Amino acid sequence: MRNIISLISGFIFSLGLIISQMINPEKVQGFLDVFGSWDVSLMFVMGAAVGINLVLFPVIIKRGPCLNDHFTLSLSSKVDLNLLLGSILFGVGWGVSGICPGPALVNLVKFDSKMVLFVSSMFFGMLVFSKQNFFKENI
Amino acid sequence: MSQFVNQLIGGIVIGISSSMMLYFLGRITGISGICANILNLKFKDNDWRIFFILGLILGGFFMKYFNPSYFNFEIKGSAFQMIFAGLLVGFGTRLGSGCTSGRGVCGIPRLSKRSIIATLIFMFSGIVTVTLMRLI
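Protein chains in written order, with the numbering used here: chain A, 21 to 159; chain B, 30 to 165.
Worth double-checking, as some hints may not be accurate.
[Stated by the list, open to error] Pairs of lysine-lysine residues, derived as DSSO-like cross-links and limited to a Cα-Cα distance of at most 27 angstroms, are as follows: (1) A/LYS151 - A/LYS130; (2) B/LYS105 - A/LYS130; (3) B/LYS93 - B/LYS105; (4) A/LYS47 - A/LYS130; (5) A/LYS98 - B/LYS142; (6) A/LYS47 - B/LYS73; (7) A/LYS130 - B/LYS73; (8) A/LYS82 - B/LYS93; (9) B/LYS142 - A/LYS82; (10) A/LYS151 - B/LYS105; (11) A/LYS47 - A/LYS98.
[Claimed, not checked] If you only want the chain B side, here are some residues facing chain A, beta carbon under 8 angstroms, derived: (12) ASP76; (13) GLY89; (14) PRO97; (15) TYR99; (16) SER126; (17) THR129; (18) ILE137; (19) ILE165.
Just so you know, these hints were derived from the structure itself, not from any lab.
Please read these numbers as outputs of a predicted model, since none were measured by experiment.
Quick reminder that beta carbons are idealized off the backbone N, C-alpha and C, glycines included.
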């Protein structure tokens with residue numbers, strides 16, 4: 021049952037990314053081009069998604085998860101160097117390509133070799149992180 | 030507002046999907062985390078992650094088949110840019126433990142301090158990057 025729900029949620033999430041054009045790198049870069057020809061439209065995607073969750077999350081958290089005996093939530097509030105540095109690096113990659121992880125996976129259906137390059141590099145970057153000891157993951 | 034209808038609908042749909050994940054599985058929909066854990070084959074509770082990614086890709090095929098105009102855009106970045114950006118996105122999301130979905134869509138509504146700060150930083154760093162690229 022959990023797997024069916026995950027499949028459906030992934031499917032719906034994907035439709036949201038596509039309809040809103042979050043999957044379009046040019047649109048994303050236009051959204052980040054605040055000091056140039058700013059395309060404000062993607063602000064409404066984040067705004068609507070956050071708005072829905074702001075209403076639903078507190079209700080859900082009060083009622084408890086339906087198919088699990090506990091929530092898996094990070095309760096840490098420590099702002100450390102990893103968080104800052106990681107977010108900076110991610111932002112640079114996001115700006116250079118206009119692609120973040122969700123849209124990267126959805127765009128694989130374009131069968132474009134550049135998307136395959138992006139996704140394999142992304143997984144490789146994650147693998148490099150898990151193999152190094154200099155920075156420890158902090159959740 | 031009418032020109033933003035697709036964005037609003039898309040955002041609502043994304044919100045509903047991530048609320049479903051929290052309600053049924055008790056999980057945050059963090060796509061970078063889902064990807065990274067799939068790489069880690071030792072991890073036991075991975076089925077739901079694989080099914081979520083499968084759903085993402087099936088959704089792509091579904092829309093590409095029924096409304097291909099949504100995919101009418103080119104990937105303009107060079108191959109080098111794709112590799113460079115992919116590496117930074119992969120490594121950076123692990124180091125900062127989160128991307129747009131986990132930090133922005135799910136973390137901000139939880140009023141998590143770490144998520145709000147992370148979102149502000151990657152937005153800022155994305156804005157600086159695009160601005161610099163436009164200048165060069």
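Structure-based check of each hint:
{"no.": "1", "hint": "A/LYS151 - A/LYS130", "result": "31 angstroms, violated"}
{"no.": "2", "hint": "B/LYS105 - A/LYS130", "result": "14 angstroms, holds"}
{"no.": "3", "hint": "B/LYS93 - B/LYS105", "result": "19 angstroms, holds"}
{"no.": "4", "hint": "A/LYS47 - A/LYS130", "result": "17 angstroms, holds"}
{"no.": "5", "hint": "A/LYS98 - B/LYS142", "result": "8 angstroms, holds"}
{"no.": "6", "hint": "A/LYS47 - B/LYS73", "result": "38 angstroms, violated"}
{"no.": "7", "hint": "A/LYS130 - B/LYS73", "result": "31 angstroms, violated"}
{"no.": "8", "hint": "A/LYS82 - B/LYS93", "result": "38 angstroms, violated"}
{"no.": "9", "hint": "B/LYS142 - A/LYS82", "result": "20 angstroms, holds"}
{"no.": "10", "hint": "A/LYS151 - B/LYS105", "result": "32 angstroms, violated"}
{"no.": "11", "hint": "A/LYS47 - A/LYS98", "result": "33 angstroms, violated"}
{"no.": "12", "hint": "ASP76", "result": "5 angstroms, holds"}
{"no.": "13", "hint": "GLY89", "result": "4 angstroms, holds"}
{"no.": "14", "hint": "PRO97", "result": "10 angstroms, violated"}
{"no.": "15", "hint": "TYR99", "result": "5 angstroms, holds"}
{"no.": "16", "hint": "SER126", "result": "5 angstroms, holds"}
{"no.": "17", "hint": "THR129", "result": "5 angstroms, holds"}
{"no.": "18", "hint": "ILE137", "result": "5 angstroms, holds"}
{"no.": "19", "hint": "ILE165", "result": "12 angstroms, violated"}
In the structure shown, a violation is registered for the earlier hints numbered 1, 6, 7, 8, 10, 11, 14, 19, in ascending order.
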